[in-house]
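Just so you know, the sequences run in chain order A and B. Note that the first sequence ends on residue 102 in this note's numbering; no numbers are left out. Note that the second sequence ends on residue 481 in this note's numbering; no numbers are left out.
These aren't lab readings, by the way, just hints derived from the structure by calculation. C-beta atoms are modelled at their ideal positions from N, C-alpha and C, and glycine is treated no differently. Wrong hints could be hidden among the right ones.
Straight-line distance between alpha carbons at most 30 Å, and here's what the computed DSBU-like set of lysine-lysine pairs gives [what the hints assert, rightly or not]:
hint: 1; chain 1: B; residue 1: K152; chain 2: B; residue 2: K355
hint: 2; chain 1: A; residue 1: K89; chain 2: B; residue 2: K152
hint: 3; chain 1: B; residue 1: K352; chain 2: A; residue 2: K101
hint: 4; chain 1: B; residue 1: K352; chain 2: A; residue 2: K89
hint: 5; chain 1: B; residue 1: K35; chain 2: B; residue 2: K261
hint: 6; chain 1: A; residue 1: K98; chain 2: B; residue 2: K370
hint: 7; chain 1: B; residue 1: K370; chain 2: B; residue 2: K355
hint: 8; chain 1: B; residue 1: K296; chain 2: A; residue 2: K89
hint: 9; chain 1: B; residue 1: K435; chain 2: B; residue 2: K355
hint: 10; chain 1: A; residue 1: K98; chain 2: B; residue 2: K352
hint: 11; chain 1: B; residue 1: K429; chain 2: B; residue 2: K296
hint: 12; chain 1: A; residue 1: K101; chain 2: B; residue 2: K152
hint: 13; chain 1: A; residue 1: K101; chain 2: B; residue 2: K35
hint: 14; chain 1: B; residue 1: K370; chain 2: A; residue 2: K89
Some chain B residues near chain A, calculated using beta-carbon distances under 8 Å [to be verified]:
hint: 15; residue: A107
hint: 16; residue: L131
hint: 17; residue: L134
hint: 18; residue: I141
hint: 19; residue: E155
hint: 20; residue: E158
hint: 21; residue: A159
hint: 22; residue: F169
hint: 23; residue: L175
hint: 24; residue: S179
hint: 25; residue: L180
hint: 26; residue: S188
hint: 27; residue: L189
hint: 28; residue: Q233
hint: 29; residue: P439
hint: 30; residue: A441
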Amino acid sequence: MIPVEFYLVVSTLLFFIGVFGFIARKNLVGVLMSIELILNAVNINFVAFNRYLFPGQLEGYIYSLFVIVVAAAETAVAIAIIMNIYRRKGNETVNSIKELKN
Amino acid sequence: MDYSQFLLMTPEVTLALALIVLLVADLVMGNDKSKQYFQTLALVVFGIHTIYNFIQGEISGQQEAFSGMYLTSNIHVFVKNMLNVGTLLVLIFSIEWNKKENSNHIAEFYLLMMSTLFGMYLMVSSGDFLLFYLGLETASIPMATLVALNKKRNESAEAAAKYILTAGFSSAVMLFGISLIYGSCGGSLYFCDVVKSFAATPVQIMAMIFFMAGVAFKISLVPFHLWTADTYQGAPTSVTAYLSVMSKGAAAFAFMIVMWKAFTVSNVAETVWHNILWWIIVITITVGNIFAIRQKNLKRFLAFSSISQAGYVMLGLMSGTSMGMGSMVYYLLVYLFTNLAAFGVISNIEDKCGKVGMDDYDGLYETNPKMAVVMMLAMFSLGGIPPFAGFFSKFFIFASAAQAGEYLLVFIALANTIISLFYYLLVVKAMFINKSNNPIAPFKSDNASLVGLTICTIAMLVLGLISPVYEQLLAWSFGVN
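Please work from the sequences and hints to get the whole structure.
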């Protein structure tokens, strides 16, 4: 059986790819996708921990289900907002949202 | 299942009922003619909810429902009542704005406002990381739509994009922390189980820091405050008021509960998060103050002021005693009325002539003396000048931290209070001393916001002087153990 550490390596890599993408991506949809990557890392963590460390219970699985559902809701709202920006500005890059300044 | 547990959840149940009633009412009032009564109906329904929860009896001690998932006590209920009152005030201030600028989305405004409030309730009385996370998300996703409510303005969309992306990122980081807590603390996410197996191993410390980072975004503590100014400036003013007071207050209280219940083994001074929070408080107060000085837009100005106020609020966590909790809730209560008074004035003036710059307030005293006086009282109270409530709340929270031996921290906070007085008085100077060629024309504000402003003003003047309020809070609150 694959040891649990392997899953943790994958999830940590995914987490940092997500963090990097959140900072570096210029496209707002890309930023949103980076957040999804972090959430996937979280789900891998929960499921792996539950399967390997606490096989008798379901808390980790249920938590990851909740994460998926909430992430879907959040993405829906974020996409709606990004589409609004796209309609108003004609593009959806980070550079298009820098009006608010002192 | 024991259905009587729902009786403990009175605030949540009545709020959910109010939400359902308004949702159905919105569906039934299809045509434009009956739509004009929606606002009245919503205010009445929410008012009934507020009053009903206010007159509920006391709870004996700390109680839990659903096997520890949901915690409640008198102080929890008080925080919820406080949020109710604050939301009601925000709704009162926004009546005029709703009629003028938001007439197509009045129902959405009320429903989203109340669903964020529901999320804050869950966050405040969570006893498990799952409920905490759900409450946090329920509070922040509808909030993003509220920020974006003004579809026709670019700033609103921009502010909403910044808010939802940082909120999503922060909650994802927080979740990563929670998943590590799950793995390293024995496979249970109840606070009472986590604290038993929390031994400050490296992985647990990392998990805790990730968790703190996620919540610090919500309270806008300093390394995580970058969204605050832009979102506050771009959002509709009533939503900004809601964000700066309710969202922040609920998150701060919930943060305290989690840190004390889940990550504190014996006393606060020996915990890992003590030193982290010490530095975060110092940086938050200082950076918030320094950036507030050079702001020219009043909403942006209040955003930075609220960042530094969040730093002061966090002082309540440092002692770990019931005095810390009591003075923190008292601070939040005073901050609620004070900040809402300031935002009430700003939204009134913005509704009438669309001005939010600090230069536009030059000579306000000449044209609108009452507004200027309310704003002055709010600034004095935020700055902590003695006869007003803001002084007493600062005094108590400093006293609670000093009691725990945090003398250096209290000294830094005190020094920062003096800096903050400078920029609060800049607003007062603009209104009373500066002359303007083009002052804001005299106007009559609507009756509803006059009522709201009067309530806030009375609270600012009186809350500090009526000692039973603080004593009652102190009697209700509890410490780490």
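(message) Does K261 of chain B sit within 30 Å of K35 of chain B, going by the straight-line distance between their CA atoms?
(response) violated, 46 Å
(message) The hint names F169 of chain B as touching chain A; please verify it with the least Cβ-Cβ distance against 8 Å.
(response) holds, 5 Å
(message) Given a cut of 8 Å on the nearest C-beta pair, is the interface hint for E158 of chain B held or broken against chain A?
(response) holds, 4 Å
(message) Run the distance test for K89 of chain A versus K152 of chain B: straight-line Cα separation, threshold 30 Å.
(response) holds, 12 Å
(request) Sort out whether K89 of chain A lies within 30 Å of K296 of chain B, counting only the CA atoms. (result) holds, 26 Å
(message) Given the hinted pair K152 of chain B and K355 of chain B, is their Cα-Cα distance within 30 Å?
(response) holds, 18 Å
(message) Against the 30 Å threshold, does the CA-CA distance of K435 of chain B and K355 of chain B hold or violate the hint?
(response) It holds: about 17 Å lies between the C-alpha atoms, which stays within 30 Å.
(message) Restraint: L131 of chain B near chain A, CB-CB cut 8 Å. Satisfied or not?
(response) violated, 10 Å
(message) Check whether the Cα positions of K98 of chain A and K352 of chain B lie no farther apart than 30 Å.
(response) Given that 30 Å is the threshold and the Cα spacing comes to 27 Å, the pair holds.
(request) Let me know if the C-beta of Q233 of chain B comes in closer than 8 Å to any C-beta of chain A, holds or violated. (result) Cβ of Q233 of chain B sits 5 Å from chain A, so the hint holds.
(message) Min Cβ distance, L180 of chain B to chain A: is it shorter than 8 Å?
(response) Holds: closest Cβ of chain A sits about 7 Å from L180 of chain B, inside 8 Å.
(request) With a cut-off of 8 Å on the beta carbons, see whether L189 of chain B makes it to chain A. (result) Cβ of L189 of chain B sits 6 Å from chain A, so the hint holds.
Checked against the numbered hints above, the structure violates hints 5, 6, 13, 14, 15, 16, 29, 30; every other hint is satisfied.
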